Amino acid sequence: MATQAEHSSTNRRDFLYVATGAVGAVGAAAVVWPLINQLNPDASTLALASIEFDVGAIPEGQSVTITWRGLPVFVRHRTEAEVAEARSVDLSELKDPQTDAARVKEGHEQWLVMIANCTHLGCIPVGEAGEFDGWFCPCHGSHYDTSGRIRRGPAPANLVVPPYEFVSDTLIQIG
Amino acid sequence: MSEHSTYTPGSAVEKWLDDRLPIIRFSKEHLMDFPTPKNLNYWWTFGAILVMCLGIQIVTGIILAMHYTPNVAMAFDSVEHIRRDVNGGRIIQAVHAVGASMFFVALYIHMFRGLYYGSYKAPREIIWILGVLIFILTVATAFMGYILPWGQMSFWGATVISNIFSAIPVVGENIKQLVLGGFAVGNPTLNRFFSLHYLLPFVIAAIVGLHIWALHVPGNNNPIGVEVKESRDTVAFHPYYTMKDMFAMVVFLIPFAWFVFFAPDILGHPDNYIMANSQVTPAHIVPEWYLLPFYTILRAIDFNVLFIDSKLGGVIAMGGALVMLLVVPWLDTSKVRSGTFRPLFKWFYWLFAINFVALTYLGAQPAEGIYTVLAKVCTAYYFIYFLVVLPVLSRIETPKPLPTSISESVLGKAHA
Amino acid sequence: MIGAIDMFKTKFIIAAVAAMVGLTTVSAQAAEAGAPIERQNWSFAGIFGTYDEHQLQRGFQVFREVCASCHSADLMAFRNLSEPGGPGFSEAQVKALAAEYEVEDATAEGGRRPAIPADRWPSPFANDQEARDANGGSLPPDFSVLAKARGVTDPFPTWVFNYFTGYQEGGADYIYALLNGYHEAPEGFELAPGQYYNEYFPGNAIGMAPPLADGSVTYVPGEDGVGVPETVEQYSADVSAFMMWMAEPHLVSRKQTGFVVLLFLVLFAGLMYATKRKLWAGIEH
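Residue numbers (our numbering), protein chains in the order written: chain A, 3 to 177; chain B, -9 to 406; chain C, 778 to 1062.
Hints should not be assumed to be uniformly reliable.
Counterexamples of contact, computed for chain A against chain C with all Cβ distances above 12 Å [as the list claims (entries may be wrong)]:
(1) R15
(2) L18
(3) A49
(4) E54
(5) V57
(6) P156
Restricting the straight-line Cα-Cα distance to at most 27 Å, the calculated cross-link-like pairs of lysine-lysine (BS3-like) are [said to hold, decoys possible]:
(7) B:K219 with B:K325
(8) B:K336 with B:K301
(9) A:K107 with C:K872
(10) B:K219 with B:K18
(11) B:K301 with B:K219
(12) C:K1055 with B:K18
FYI, nobody ran anything at the bench for these hints, they're computed from the structure.
Values in this document were obtained by computation on a predicted structure and should not be read as measured data.
From the three backbone atoms N, C-alpha and C, an ideal C-beta is built for every residue, glycine too.
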């Protein structure tokens, strides 16, 4: 049977060992985190995570492709006919039902901004082509309409609309 | 050293593993239960500190390589990109750069410890030789690493050192071109140095494995140099020396962190913040501090010896200074290992240590006036120590009486 | 007795190693330097050093209005000016500032477009040769890391102390001294055309005309209405500080992290020592 003195000295020792181990573990964690965090996008990449683009120069019926976060982005100035066509579609016909209004900004319905990668396997679709007057992906034959919604072919979803907003009448900020 | 294993597999799974890959048995024998002399002092912790240094350099180095671009047009900017934009990059880069210096601090202490306590003597010659190989490879790795930031010192350091190869008679110029991949230091040089700088640390790690393997055959030397005689001379490596080594590592990290966080550039050279320019040589070229002793020896030979011109002579002297280390075990034939019991040896040893510091100092001075004379004197003593002092002392010196065992010496100290 | 000798050896070895580590700097700056450089009181020196936002803003103004017409700063991005630990401009200010400049962009119409915060500071010259031609044959060095590419010469034993004080402000001291070092050349000193005498420039003949004069930059008075003196001394202190920040933009966070790390290591070392003592308590060694 251990005496009281032995007991308390054992306790003191155990406490010391646990405290040292705990402090060491905190130190190790503090070292590991920056070693992982360095893998995250760096400051120069983050600085370009949000870009501004002036859509004013795009004539009606034309589109441009810009780069955002390393991805191609279509900015299309749609004609009235295209907008009308997109709005007239019955949602029940769609594979990935979504209204045209949900894909554009209110008051700027003529502007369509989408990430230009086919939702199938990432090819860039060809504009003003396909059976629905929108985009056609030559890789595996996906057809998109004038709102960039998938209508036929293997792609599972509509072309993705990135987060963006109009900061003025013609200036959009993507990201 | 370790006789029969004390390991008995605790479960069926451990037993199954032990029959196929006895890795737990191995770890227990070599990392935990390994009998280690109980009188090792803190100079013995530098082996563990060096393992830590190598680990730090490899981890930070792999990270830096993720962000670095080995191209003459982009290397300088990519290092600045690391310092400026990469998350925590300023600190990771500083750890790697300061880490090189700290590595050599520990390396030199480790070597001088071996020289003082006669750790190179039979039956530990192979341990020592492997250690010298590690040292030479580390020098090469550090040198190539210094080229990568592609500053002025990087470029001119590479130029000066690669010209060493051209000292070799007949084929020198060809070897130099082979090493550089061109007629002067350029993009091919930077690329291959980057590749080798990445490779060599793993070679070093492998040789460290052999170094420790060789160490575990006779076991550690110790401050009195008397071999372990019985089990009460030793303690288990774990937890006694793991704890002591880890404590020493943390203490070592204090000056390390001081430089990293408060003076990351003080060990470097301002000229390396100027991008490499083959048209302009900096006013005063110096290698990193840890190469200075050997640089002094290289420069000290500024005269022709018979048919050997001064350039080749310098290269031979510098190479000889390293080769000298390889043969120390056969130059010092004294039966007594530890310098503690060698009254005459001590004086010459400490003179050698001061001389080595002096060689370092002289390497940073301009090669003129009194400095060239001192460089010659110090270089001469470096060689005399190995070639004359050690062999002669082995014959004429009367050592002090040795304790009969580690336990006796330890008890004597405790009662004194 | 043995203990004392051991102690002596330990100290000796520590001193020897410290001396060896220290040797580089001497050499580093021992070459043919100009006059000795005086140390200034920088807010960013020492363990707790931080940049003075107002000083950096003034320094930026001097840089922009005076230096930037000849000197590039390729590694500085506009966005850096609003990052923490720097001059502390707002993001909106930086955006407006960037828009005043044009940068090259191969994808833009005409190859040029207004700058955005992510762009780097545009160079005043298209290439080095153009810069030389416009400056009488001398190349104005890039400013990005210039404050770290210059040092000062410290005699023994000062350079040893530098390791313990962490003296890293040699570049700023040098730049300050240089900007204040223009004089009439002493009698007998030959200056080539287009060269100026500077006390602190190595070789004393510098290709840069004195860039600053009292009153040449108009500072905006601070909120308290007290103006900062518009003198060469003040301008050069401000621009030196700004250049130090440009070369070492993360200095403040680095030192703050370092303080915590050192505190942790000392505490941890203490605990480790106690644990080691406890563990070894029963063993004669």
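* List of violated hint numbers, smallest to largest -> Hints 1, 2, 3, 4, 8, 11 contradicted; others consistent.
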